[in-house]
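Those protein sequence lines, which keep their order, are chains G and V.
Number 1315 in the working numbering belongs to position 148 of the first sequence; there are no gaps in the numbering.
Number 272 in the working numbering belongs to position 249 of the second sequence; there are no gaps in the numbering.
These are calculated hints, taken from the structure and not from any lab test.
These numbers were taken from a predicted model, which means no experiment stands behind them.
Check each hint, because a few of them may be wrong.
As the list claims (entries may be wrong) - If you anchor each label on the Cβ, the simulated ranges turn out as follows:
no., chain 1, residue 1, chain 2, residue 2, range
1, G, V1295, V, E95, 57 to 65 Å
2, V, Q106, G, V1295, 45 to 53 Å
3, G, T1336, V, K371, 20 to 28 Å
4, G, L1183, V, N38, 40 to 48 Å
5, G, L1307, V, S62, 54 to 62 Å
6, G, L1289, V, Q106, 47 to 55 Å
All C-beta atoms in this analysis are idealised placements derived from N, C-alpha and C, irrespective of residue type, glycine included.
Given next are the chains, with one letter for each unit.
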Amino acid sequence: MVEQEGIRRYVAHVILWTGIIIVAFPVYLAFVASTQDNAAIANGQMSLLPGGHFLETYYQTIFVGTSGSTREPVGNMMFNSMVMALLIAIGKIAISIISAYAVVYFRFPFRMPIFWIIFITLMLPVEVRIYPTYKIVADLHLLDSYAGLSLPLIASATATLLFRQFFMTVPDELLEASRIDGAGPFRFFWDTLLPLSRTNMAALFVILFILGWNQYLWPLLITTRDDMQTIQVGIRKMITTSDALTEWPMVMATAVLAMLPPVFVVVVMQKLFVRGLVETEK
Amino acid sequence: MANVALRNVKKAYPNGFEAIKGVEFEVGDGQFCVLVGPSGCGKSTLLRMVAGLETISSGEIDIGGRVVNQVEPADRDIAMVFQNYALYPHMSVYNNMAYGLRNRGMAKPEVDTRVQEAARVLELSAMLDRKPRQLSGGQRQRVAMGRAIVRQPKVFLFDEPLSNLDAKLRIAMRVEIRKLQRRLSTTSIYVTHDQLEAMTLADILVVMSAGQVEQIGNPLEIYQKPATTFVAAFIGAPPMNLLSPRDSGIKLGGPGSEAGMVGIRPEDLAIADGAAPDGGVALDLTVEAIERVGAETYIYGLRAQQAGQSAVSSKPGELPPGEVLVRIPGQEGPAIGQKIRAVAPREKLHLFTADGRKRLN
């Protein structure tokens, strides 16, 4: 870091603080709203300081649910989202590391065409192939199931490419040393390649977990039962009420709760994440 | 303990390039064989074929009386030390050495005994828990050696193991490798492009060029009687002077007078005033440059008839045409620009055919 002198230092701090306030204020406001009385919010008389309904609102949100169009407790939604995000993150890492291993270390017919097919799927995100994907999932009777929520999102060209690039930087001599040491393809993968990919996997996990957690369109399409609903879909449904007042404190509490797991994952894995992006340990 | 035999071994790549064009030699039990040659001559490829990391296009490789052409590297009973060491970066020194043994299903106490013993020999005992990145170059090199010796293989293979070390450490490790190999008396094949390493380590020296063996033999024999001009120029530092008698006005009588190429080692030339000793060679030179290294002095001289032309080397490591190198002991010597006469006796001359492929004396 370059140490800055006098006024320039203050200017830098002012800019940084402005940025922090712009980003953090809506989050703070959501938290404040979640602790207020609904009537105060509806009247437009919401205070900027936390109110006294914290425990009550959060208990109601997590364990009971709103009385509006979705009555599902948010605790259950969070569980669904968690299962889906974990399945997607772990599934993607598992599938792509194996396919990258195949593409980099084995010579088989149509190796490059297969690689290019994987590459091309980069251009076909779920939104583009949503109708055929829905049809397949429906035909397999996977609607309203965790498999249906996660499987179509698991195949990942991005992660495969990332692992491929990483594997190509691993020196060939390591493979040769393993062969001389009597390690077959499976042992080489398990004993050498996996431990070396640890930081890459952690970095990917953070990105993919957040990606999975924030899925909206796909869960909205294939879940019809309230008890299979994910939190992102749930928030949206809570806002729409037919005849009653939107229960804003609970909506805001849900929003705050929806932010927590990604924040937790980033904080816990930050060290590994940064190392995975900048450092190569070879 | 085993001998290694290569019988008419060839390697051709799918694109038609022939990396190894029929190599044949045998390394006796416990001998230290060094493959030496300029880069791209196929020496590393040949070593990797012995290791089983490259396929053999034709011919046979025999380790301890068993043809291993189709045998997996792990089952050839060899151990290899790589140029960049190829240590497993995520494993401790101990695990790096133990990994191959565990993969063979060896019992834990036996693994431990072997690793501890190797660590003791290589002075790595205090570092067994460290990761390779916490070690210096020389220590990594020793771990790589340790990984090879714990296996107690029939054959050690070394692929330029010292080229990543600095000059001083290289000499120290060279001596260590030789001592270790003597004590274990394991058959070894060692690849290097450094002719000094080759000379000092080898029991048998195999000089290679462009996928072929130029000469096989004891290092001193090769130094004294190089079979081709390639070997003559490659082995020995500074390199041998190679002159064409026609251009340099050398008149040779008696047997060998038909020689198309005459080689003279720089140390066999002496500065003299008179005529060449009986049947020898005398060269009139103008001193172009002088290098004093302390114990000896190198004099670069241009032959009289070429004086005035600037001499530019065509190949690195070889003298430019018309230039002659004289190596004299001590620190005395002529001054730059001085005219001198360098003479060599007849028995010190190396005579070759004009194409340099055949030795005549």
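Checked hints:
| no. | hint | verdict |
| --- | --- | --- |
| 1 | G/V1295 with V/E95: 57 to 65 Å | 46 Å, violated |
| 2 | V/Q106 with G/V1295: 45 to 53 Å | 48 Å, holds |
| 3 | G/T1336 with V/K371: 20 to 28 Å | 54 Å, violated |
| 4 | G/L1183 with V/N38: 40 to 48 Å | 58 Å, violated |
| 5 | G/L1307 with V/S62: 54 to 62 Å | 58 Å, holds |
| 6 | G/L1289 with V/Q106: 47 to 55 Å | 37 Å, violated |
Against the hints set out earlier in the document, violations occur for numbers 1, 3, 4, 6.
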